[in-house]
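Just need the whole structure built from these sequences, with the hints factored in.
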Amino acid sequence: MNEDRLQFWALYLTRFSEGFGFITLVTLLPYYINELDPSGTTILGISVSAGLVIGMYTTGFTLAQTAAVVPLAWAGDRFDKRTVLLVVLAIGVAVYASFPIVDSSGSFIAIRALQGIAVTGAGLMTLSLVGQLAEVGTRANHIGKANAASFAASIVGGLSAGGLYDAFGFGPIFAVIVCIMLVAWLIAFRYLGPDETRIEGFPFAGLALNSRILTISAFRFQYAFSVTLVRTWVPIFAGVAAAEGGLAYGGIAVALTVTVEKFTNMCCQPFTGRLSDVYGRALFVFAGGAAYGVIALFVPLSPAIGAALNLPSELVVALPGAIAGLALPGVVPVEAVPGQLVLVSNVSPAFLPLVALSGLLGVADSFREPASMALFADEGTSEGGVASSFGIRELVWRPGSVVAPLLGGWLMVEVSMASVFTLGGAFALTGAATFLAILVTVHGSRALTTW
Numbered sequence: 010m011n012e013d014r015l016q017f018w019a020l021y022l023t024r025f026s027e028g029f030g031f032i033t034l035v036t037l038l039p040y041y042i043n044e045l046d047p048s049g050t051t052i053l054g055i056s057v058s059a060g061l062v063i064g065m066y067t068t069g070f071t072l073a074q075t076a077a078v079v080p081l082a083w084a085g086d087r088f089d090k091r092t093v094l095l096v097v098l099a100i101g102v103a104v105y106a107s108f109p110i111v112d113s114s115g116s117f118i119a120i121r122a123l124q125g126i127a128v129t130g131a132g133l134m135t136l137s138l139v140g141q142l143a144e145v146g147t148r149a150n151h152i153g154k155a156n157a158a159s160f161a162a163s164i165v166g167g168l169s170a171g172g173l174y175d176a177f178g179f180g181p182i183f184a185v186i187v188c189i190m191l192v193a194w195l196i197a198f199r200y201l202g203p204d205e206t207r208i209e210g211f212p213f214a215g216l217a218l219n220s221r222i223l224t225i226s227a228f229r230f231q232y233a234f235s236v237t238l239v240r241t242w243v244p245i246f247a248g249v250a251a252a253e254g255g256l257a258y259g260g261i262a263v264a265l266t267v268t269v270e271k272f273t274n275m276c277c278q279p280f281t282g283r284l285s286d287v288y289g290r291a292l293f294v295f296a297g298g299a300a301y302g303v304i305a306l307f308v309p310l311s312p313a314i315g316a317a318l319n320l321p322s323e324l325v326v327a328l329p330g331a332i333a334g335l336a337l338p339g340v341v342p343v344e345a346v347p348g349q350l351v352l353v354s355n356v357s358p359a360f361l362p363l364v365a366l367s368g369l370l371g372v373a374d375s376f377r378e379p380a381s382m383a384l385f386a387d388e389g390t391s392e393g394g395v396a397s398s399f400g401i402r403e404l405v406w407r408p409g410s411v412v413a414p415l416l417g418g419w420l421m422v423e424v425s426m427a428s429v430f431t432l433g434g435a436f437a438l439t440g441a442a443t444f445l446a447i448l449v450t451v452h453g454s455r456a457l458t459t460w
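In terms of the working numbering, the sequence shown opens at residue 10 and continues consecutively.
Incorrect hints may have been included.
To be verified - Ranges of calculated distance between the beta carbons of each label pair, as one might list FRET restraints:
| id | residue 1 | residue 2 | range |
| --- | --- | --- | --- |
| 1 | 288 | 198 | 34 to 44 Å |
| 2 | 365 | 112 | 32 to 42 Å |
| 3 | 449 | 107 | 42 to 52 Å |
| 4 | 177 | 288 | 44 to 54 Å |
| 5 | 15 | 184 | 24 to 34 Å |
| 6 | 99 | 15 | 17 to 27 Å |
| 7 | 316 | 287 | 24 to 34 Å |
| 8 | 15 | 425 | 46 to 56 Å |
| 9 | 195 | 423 | 18 to 28 Å |
| 10 | 287 | 446 | 22 to 32 Å |
| 11 | 15 | 287 | 19 to 29 Å |
| 12 | 177 | 80 | 48 to 58 Å |
| 13 | 424 | 203 | 46 to 56 Å |
| 14 | 80 | 458 | 36 to 46 Å |
Rather than coming from a laboratory, the hints here were simulated on the basis of the structure. Just so you know, even glycine gets a beta-carbon here, dropped at the ideal spot from N, CA and C.
Pasting the structure below:
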């Protein structure tokens, strides 16, 4: 195996560890909401709205990400990206080791903020190094593989988080994450070569005026609201109590709902990335973004779809005997020949439509993501400053990722659960329409297929 391939595999493992930790917290979010009781939060003796606190569970994470983007991206271009990556991975180990001590909404928000710094740094450095190592004609394919590694972690992390939480609570989950992060650090230290590139000055300034980056950013700014709302509220919709507008599913059902989106995205991204290397990036960004918006609008309709199709209200899953023997809440062992079956009793006819829609969201986003990342990598590599190019990509995402959870929390409490997905779908559709309009009017009618 040649040196470059070893470096790519080290970076893929880093993406795996980052994705594993991130999806675990997403999967466990509804249970933190239930356990920490956001309705009882006060600041200086003043009660804070439960919707605002729920929003801050995610917004605290994204605010820290926003603050970290520019210094981390600048450090990656100015110094050794490998060193920066190793530092943020070490921070991640300390952060995940701290989650078991959470005992209030305030401490949860604070530790999630530190998690935001670790996740941002790992994401920026791994994608920058992948984009820098890859040739132009293979860039989206390599980025798709890196993202597939992250989604593979999301599948393993989401499923294990739900099962471990139901069986043992929060503690053992974070022990697993810490071990995976330590392995990723050791392999990155061993196999990643030093980064010899050094960019003087402040490359953000020039790249911020790049025509293609401005065009894709017009889409990405709006799409961030959509993805943040939809990805955050699909597990909340599945897991929170019916009184809050949710379906009140157990940990295994929520994990399946979350991870099916990651599975379809993981399977498709290397393939769609390779297609965008051959046929251009813009068409894949537009089609994926528009499809995501349409699918999001149907998520809150999953109970009606399930009822109309007369789908079952019980889910039967075959598991190995050792796993099936676990005493899990909401799971009833059933006799079967030759093995055991496990009956997950706390689902409804909405479950299968929700899982199908979640999977379709992953397929739609797999068309958009590697193509979008490759556009930023192309411009950053050619202009000098690939980490800064990905930094701009992150900054454009931040307003949506910071504001959307607050808006979603307020809508969930004050309006309805369905309104969160309606707004999320609308943002994706307007973003795709804006992107197409700018492409045609500024870059010409053929830009959609030639970029």
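Each hint, compared with the structure:
In this structure the supplied range 34 to 44 Å holds for residue 288 paired with residue 198, their Cβ-Cβ distance being about 38 Å. A beta carbon spacing of about 38 Å between residue 365 and residue 112 agrees with the range 32 to 42 Å that was offered as a hint. A hinted range of 42 to 52 Å for the beta carbons of residue 449 and residue 107 is consistent with their spacing of about 50 Å. Distance hint for residue 177 and residue 288: a CB-CB separation of about 48 Å, consistent with the stated range 44 to 54 Å.
Checked against the hint of 24 to 34 Å, the pair residue 15 and residue 184 passes, with Cβ atoms roughly 28 Å apart. The supplied range of 17 to 27 Å is met by residue 99 and residue 15, whose beta-carbon atoms lie about 21 Å from each other. Separated by about 43 Å at the C-beta atoms, residue 316 and residue 287 break the suggested range of 24 to 34 Å. Judged by the Cβ atoms, the range 46 to 56 Å given for residue 15 and residue 425 holds: they are separated by roughly 51 Å.
For the pair residue 195 and residue 423, the supplied restraint of 18 to 28 Å is violated, since their beta-carbon distance comes to about 48 Å. Taking the beta carbon of each, residue 287 and residue 446 are about 26 Å apart, inside 22 to 32 Å as hinted. Between residue 15 and residue 287 the C-beta distance comes to about 26 Å, which sits within the given range of 19 to 29 Å. The hint said 48 to 58 Å for the Cβ distance between residue 177 and residue 80, and at roughly 38 Å that hint is violated.
Take residue 424 and residue 203: their Cβ atoms lie about 53 Å apart, and the range 46 to 56 Å holds. Separated by about 38 Å at the C-beta atoms, residue 80 and residue 458 satisfy the suggested range of 36 to 46 Å.
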